[in-house]
Amino acid sequence: AQSVSQHNHHVILSEAASLELGCNYSYGGTVNLFWYVQYPGQHLQLLLKYFSGDPLVKGIKGFEAEFIKSKFSFNLRKPSVQWSDTAEYFCAFSAGDYKLSFGAGTTVTVRA
Amino acid sequence: SQTIHQWPATLVQPVGSPLSLECTVEGTSNPNLYWYRQAAGRGLQLLFYSVGIGQISSEVPQNLSASRPQDRQFILSSKKLLLSDSGFYLCAWDVSRSSSYNSPLHFGNGTRLTVT
Numbered sequence: 191a192q193s194v195s196q197h198n199h200h201v202i203l204s205e206a207a208s209l210e211l212g213c214n215y216s217y218g219g220t221v222n223l224f225w226y227v228q229y230p231g232q233h234l235q236l237l238l239k240y241f242s243g244d245p246l247v248k249g250i251k252g253f254e255a256e257f258i259k260s261k262f263s264f265n266l267r268k269p270s271v272q273w274s275d276t277a278e279y280f281c282a283f284s285a286g287d288y289k290l291s292f293g294a295g296t297t298v299t300v301r302a
Numbered sequence: 182s183q184t185i186h187q188w189p190a191t192l193v194q195p196v197g198s199p200l201s202l203e204c205t206v207e208g209t210s211n212p213n214l215y216w217y218r219q220a221a222g223r224g225l226q227l228l229f230y231s232v233g234i235g236q237i238s239s240e241v242p243q244n245l246s247a248s249r250p251q252d253r254q255f256i257l258s259s260k261k262l263l264l265s266d267s268g269f270y271l272c273a274w275d276v277s278r279s280s281s282y283n284s285p286l287h288f289g290n291g292t293r294l295t296v297t
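Protein chains in written order, with our numbering: chain U, 191 to 302; chain C, 182 to 297.
The following block holds chain U by itself, in its conformation from the complex:
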């Protein structure tokens, strides 16, 4: 069965610290990969996506993610976080069909 796992349930860090959220999926074929973000009180928004091409994907708000096929990973990174990055982050993937499988989410708390 297809699945996606996010390694961290809750991450707490200070402003200007670097952030990396792990995401691994289990599927042997071609995948489309996504990171979604949900800020407090807001709906889910697409942060970035990978379909094909350059495995290093640039998203909004300074986020990037790298697709490493050999590791089945799509980790999200940001070199320097801000207080406004406090949110819940979801990794998701689809494997050739139109359904997305989501990870359990990682809550990121950035302390000023």
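The set of hints was computed from the structure by calculation and includes no laboratory data.
Treat the hints with care, since some could be wrong.
Distance condition first, Cα-Cα at most 30 Å in a straight line; then the derived DSSO-like pairs of lysine-lysine [said to hold, decoys possible]: (1) U/Lys251 with U/Lys289; (2) U/Lys251 with U/Lys261; (3) C/Lys261 with U/Lys289; (4) U/Lys248 with U/Lys268; (5) C/Lys261 with U/Lys239; (6) U/Lys259 with U/Lys289.
Have a look at the derived ranges for each label pair, beta carbon to beta carbon [unchecked claim]: (7) C/Ala190 with U/His199: 24 to 30 Å; (8) C/Ile234 with U/Lys259: 33 to 39 Å; (9) C/Asn211 with U/Gln235: 19 to 25 Å; (10) U/Tyr229 with C/Glu240: 39 to 45 Å; (11) C/Gly235 with U/Ala207: 49 to 55 Å; (12) U/Glu210 with C/Ala190: 32 to 38 Å; (13) U/Glu254 with C/Asn290: 24 to 30 Å; (14) C/Thr295 with U/Pro230: 14 to 20 Å; (15) U/Thr220 with C/Val232: 28 to 34 Å.
Even glycine gets a Cβ: it sits at the ideal position worked out from N, Cα and C.
Dock chain C against the given chain U, drawing on the hints supplied.
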């Protein structure tokens, strides 16, 4: 531009009462439609998806049901709510598979359901 409307935003219902959540999409035709539930600490769970009018697929067994009476309308229902049905329900859409399935998912603002 495409928009998705989901209502109500919040709902408090007693155990055993019925449920009806509605979702409509504007500005696109023949979308794939989805109902997700976000329970505390459990991430997003796909409940139902639909690729066309009257075509509903269920991902998990539960006392919920879904219907798609029109191309851009998706309804989540229950005849008798359980306490475990409490959660945050999200409707979403993306481009139909017949054109391209490599499209991102667009979410509504969600409905916070509390069953008491």
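Inset, instruction - Given the hint that U/Lys259 pairs with U/Lys289, test it: the Cα-Cα distance must not exceed 30 Å. - result: holds (20 Å)
Legend entry - Holds or violated: C/Lys261 to U/Lys239, with C-alpha atoms at most 30 Å apart: Judged against 30 Å, a Cα distance of about 39 Å means the pair is violated.
Legend entry - Supplied distance hint 32 to 38 Å, evaluated on CB atoms of U/Glu210 and C/Ala190: At roughly 34 Å between Cβ atoms, C/Ala190 and U/Glu210 fall inside 32 to 38 Å, so the hint holds.
Legend entry - Agreement of U/Lys251 and U/Lys289 with the hint, judged by alpha carbon distance not exceeding 30 Å: Holds: U/Lys251 and U/Lys289 sit about 26 Å apart, inside 30 Å.
Legend entry - Straight-line alpha-carbon gap C/Lys261 to U/Lys289, limit 30 Å: Satisfied, since the Cα-Cα distance of roughly 28 Å is no more than 30 Å.
Legend entry - Beta-carbon spacing of C/Gly235 to U/Ala207 - inside the hinted bounds 49 to 55 Å or not: holds (51 Å)
Inset, instruction - Return holds or violated for the Cβ distance of C/Asn211 and U/Gln235 against the range 19 to 25 Å. - result: holds (24 Å)
Legend entry - Restraint status (C-alpha distance of U/Lys248 to U/Lys268 at most 30 Å): The given pair, whose Cα atoms are some 10 Å apart, holds under the 30 Å limit.
Inset, instruction - Using the beta carbons of U/Tyr229 and C/Glu240, state whether their distance is inside 39 to 45 Å or not. - result: 26 Å Cβ-Cβ, so the 39 to 45 Å window is violated.
Inset, instruction - May I ask you to test the hint 28 to 34 Å on the CB atoms belonging to U/Thr220 and C/Val232? - result: Given range 28 to 34 Å: violated, Cβ gap about 20 Å.
Legend entry - Distance restraint hint 33 to 39 Å, applied to the beta-carbon atoms of C/Ile234 and U/Lys259: holds (38 Å)
Inset, instruction - Could you say whether the range 14 to 20 Å given as a hint is met by the Cβ separation of C/Thr295 and U/Pro230? - result: holds (18 Å)
Violated hints for the displayed structure, listed by number in ascending order: 5, 10 and 15.
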